[in-house]
Amino acid sequence: MPKFTLNGQEVEAKPGQTIIQAAADHGMEIPHYCYHPDLPIDGNCRMCLVEVEKMPKLTPACTTLVNDGMVVRSENERVKEAVRGVLEFLLINHPVDCPVCDQAGECRLQDYYMVYGLHTSEIPLGMKVRKRKVIDLGPMVVLDQERCVLCSRCIRFFEYVTETGEMQFFGRGDHVAIGTFEDRPLDNPYSGNVVDICPVGALTSRDFRFKCRVWFLHATDSVCGGCSTGCTVRIDHRDGTIFRLLPRRNVEVNRSWLCDEGRLSFHKLSDGERITRPLVKGRDGVQAPVTWEEAARSIDSRLKEIRDTNGAASILGFASPSATNEALFLFKRYLDGLGATQFDFRLDSEDKKLADEEDQILRHFDKHPNSMGAIKLGLMSEQVGGIEGAINAARAGRLKAGVVIYFKPLVERPGDAEAEGRVLALLDELEYSVLLTSHKADWQDSASVVLPVAAWSEEEGTYTNFEGRVQLAGKAIEVEGNALPVWEVFAMLLHASGAESPWMSAEDVFATMADSVSVFSGITLDQTRLPGVVVG
Amino acid sequence: MTRILLANIDKPEQASIVKYRERGGYKALEKALAMDQAAVIEEVKASGLRGRGGAGFPTGMKWSFVPRNTGKPTYLLCNADESEPGTFKDRILMERDPHMMIEGMAIASYALNCHLAYIYIRGEYEFVANMVQKALDEAYEAKMLGPSVMGKDFALDIFVHLGQGAYICGEETSLIESLEGDRGYPRIKPPFPATHGFLASPTVVNNVETLCALPWIIQNGAAAYAAIGTEKSKGTKLFSVSGHVSKPGVYEVDLGYPLVDFINNEAGGVPNGRKLKAVIPGGSSVPVMTAAECPGVLLDYESLLKAGSMLGSGGMIVLDETTSMPETLSVIADFYAHESCGQCTPCREGTGWAAKILKNIVAGKGKRSDVDLLLKIADMMEGKTICPLADADVMPIRSFVTKFRSEFEALCGDN
Amino acid sequence: MIEFSEEGKRRYQTILSHYPDKRAALLPVLTLAQREFGWISQEVAEYIGKLMSYPPSDVLSVATFYTMLHKKPAGKHHIDICKNVSCWLMGVYPCIDEIKRQLGVEKREVTADGKFSWDVTECLGSCGTAPAMQVGDRYYENLTPARVAEIIEKLRND
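Protein chains in written order, with the working numbering: chain P, -13 to 522; chain X, -3 to 411; chain G, 59 to 216.
Keep in mind that the hints were calculated from the coordinates and are not lab data.
Hints are not guaranteed to be accurate.
To be verified - A partial selection of chain X residues facing chain P, derived with a Cβ cut-off under 7 Å:
| no. | residue |
| --- | --- |
| 1 | 184 |
| 2 | 341 |
| 3 | 342 |
| 4 | 352 |
| 5 | 379 |
What the hints assert, rightly or not - In silico DSS-like links for lysine-lysine, alpha-carbon gap of 27 Å or less:
| no. | chain 1 | residue 1 | chain 2 | residue 2 |
| --- | --- | --- | --- | --- |
| 6 | G | 80 | X | 130 |
| 7 | X | 363 | P | 114 |
| 8 | G | 67 | X | 130 |
All C-beta atoms, glycine included, are put in the ideal place defined by N, C-alpha and C.
Between the sequences and the hints, there should be enough to build the whole structure, so can you do that?
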């Protein structure tokens, strides 16, 4: 481990680290535009120049490897002067159109100007190099060439991460501009990432543009609900509305990236009406609103009645792989209490897809964030054989009652309508069915009871991704109407059934789960924060 | 005065291999092939030969950085991208005595254990490249190149690679990028080309003039070469002289030759009875010298450095008393702005900005504060870039503005 | 859909054979393409990209770095006249004016008959024989306005 002196403090670096990386590990950000921890180093912006003893010239911290005994200064007057100079250079041809720029508030030009610059521009407007503005680069990205600092992060992203090379530099000298061939749209499932990594307002999100100034947004740490990869994300929201989803850097999962489908997946939540009150079908066969207490009492007594008449094996627990671990844990605990033995969650007969990668970068075919959690919690059984098996068993009269949790996938796939059709078929075949779901749909009329529950982003909880990594997702949005988080519904049912139900929060449920389920045993909620913890 | 590089330049049909050999050509290669490879490197080291492209790095030392037995091939790249304004020496060598360069390349390739070499010629010199290609064809025919050079167990292929208009490609890492088929963006060093050059393999980039000196050095010995010139600047050097002189052209002088004598004798002095105003001694990127600074200065690396300028590529531009220094600097600054590759910030933005300010000043639209702003921009650029192009703009800006400040101020409206 | 002539295809194969790595052939292939098609249009960039399996953006990015590769149509005779220090000192501007007068078009424009286009360029390496200009692969040096007129007249009848 090389040791070096950084601004007078002796610190350690990992072998092979550059100054900027070692400094970051010690909580010190050296200003930069082109350096990005998940892209190859380029060294073009010259913002990270530092002074290294025995080197005559200032050297870029991003390209210079730490050597044992090196003495580095990143904050003295010589360095500040150089950084100021680079910043001034970057601003001479910049349009300074911050009032109409969506990047304002999270722009590295603005940020560093406040720290280093605060100079008066010495270039008259008429002398600036003009470039093209508002170039539409497809569904995700809008390009403004004038605001670009030519750091090449976007170019390197498409060159090294997706290996598709859509974006390039064109021209030379101060007329260099970034772009695509003939302004072709970025036909790439990861194109939204270049908006995140653009340090300025050159690449802005077509989806988020002009929706909200970033300083009005609140951020909640979460996990993407779009597929079983479980990318670590941040939900930016305001007044109960999600404005955007951004990746949070997690080297163990998604590095700094997020796929476009995942990025836009939150829009699915505002697609369609919400169910706001529990509905129970009366003798007339019409669902009518009831209180939660009424619903819980009626469900518990009806299920027990069926069990007592037909045996516990006639009760099906059909989970959703989109529900949290905590939800699934209490779901199972309640049904276990009834003596139920029939569990599954598979909406698709091709269960091999659960682990299949859709590409080599992030995406998995399984568009549910918690299939692995469902498996680990014992919710997959060969006996049931997925939803097809359940439908057949119900049709044959072996299954009489079912508690079904269903969430529409946040990332659409061609087979979604068929899968939903199978849920309907299951409800139709069951004598008594309890459906927990978030959004309204016609087919829900078939259920004996419909319980409105919180959707992704509306409750705290953990998800287990394809490799068994458990990650915590925070609650960003207040749930609509009288809907409850799924775990709370089952806590209520457990209470109604006379069992102990001491949980006040998802955190409490997690603790019980870690105590009582062997695969989760011993893990703490803290471990489920970045980068998450892999369970056996 | 010793004539090494231009010894046969004016002789009839020197470009043909027949005449070249009649006049002693390819004997040095024969001699080198009989030597140990290491001995050839030692000989070049001992000669004191320094790179003639502009940087003046000792050639033998550059060669000795090339690792052996890396499992990768070693490449020799001849830098014939001659583009520094005021420089036209390599062109004459390739046009009139191309076999000297080819022989030099063969000697260098043998010493470096290189079997594939390229001559990177600037695209504008296409007609020169055609002449070089003709000479290469002759050399293959005569078995000076090919699978068995001069019948020895040494194979060498040389190809011509034409640039397409980019001054920066004369910088060796940019040349390599360009040769690899990319935009000619200079690379961050380390790693150096000696270990990670063309196709990430050990690579040596040598200027045409440097390679042309090799046959003589091998033939006559390092000591003979080192006997010419000064203590630290050995051998002869070509100077291309242009601008306000009676006899512009390419001249070979022993390093250490007096600058004033060169202008007055070789270059024929300033014509039309005018007085000398200033000299740019080594290509447009080196600091300008006033007439008063010239006496006593010798044409060698150290003396010019001491005088505040540089030998550079030996592209000397002479300016007479009628020359407007702001206009001259504006022309120079335009060039560096046009040729900045645009990769790194200070150069991309600084060269363009400086050029615009100068254009304004020359057009009479400048402010007095612009003169200081030019110096500030020079400070902001200097030493902060990936390659030396920004510094090549800084040196003329700073020297012109400080040495001829009143001329700049006189053009500014608010004086 | 454009493609190289038969001769061009042969030349392309020869170029590839000069390099241990295909990518190294890109600049010479672009040079060949300019010879074949006159300039590097987007169509040409796309053709070269397909031919060599590189994204067209990549090919165009390289082409736009090199000033000798035309990114818009050029005349049959394209004149590049040097405006750098030595040529400027030796009076290139009257020669540039003469080109403008003779051709009646601004720089980077093509004459109506498609025969000529012109541009100013940086140092050609003809400083000792300044002013100088280049037409195709030929240099014309020690220019005067009269000589410029003569040269253009000759090229006009070419």
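Going through the hints against the structure:
At its closest, the beta carbon of residue 184 (chain X) sits 5 Å from a beta carbon of chain P; the interface hint therefore holds under the 7 Å criterion. Given the 7 Å rule on beta carbons, the hint for residue 341 (chain X) holds: about 5 Å separates it from the nearest Cβ of chain P. Taking 7 Å as the C-beta contact cut-off toward chain P, the hint placing residue 342 (chain X) at the interface holds, the least distance being around 6 Å. Evaluation of the residue 352 (chain X) hint against chain P yields a held restraint, the C-beta minimum of about 5 Å falling below 7 Å.
Interface hint at residue 379 (chain X): satisfied, since its Cβ lies 4 Å from the closest Cβ of chain P, which is below the 7 Å cut-off. Between residue 80 (chain G) and residue 130 (chain X) the CA atoms are separated by roughly 25 Å; this keeps the pair inside 27 Å, and the hint holds. Under the criterion of a C-alpha separation no larger than 27 Å, the hint pairing residue 363 (chain X) with residue 114 (chain P) is consistent with the structure, at around 17 Å. Proposed proximity of residue 67 (chain G) and residue 130 (chain X) is supported: the alpha carbons are some 22 Å apart, at most 27 Å.
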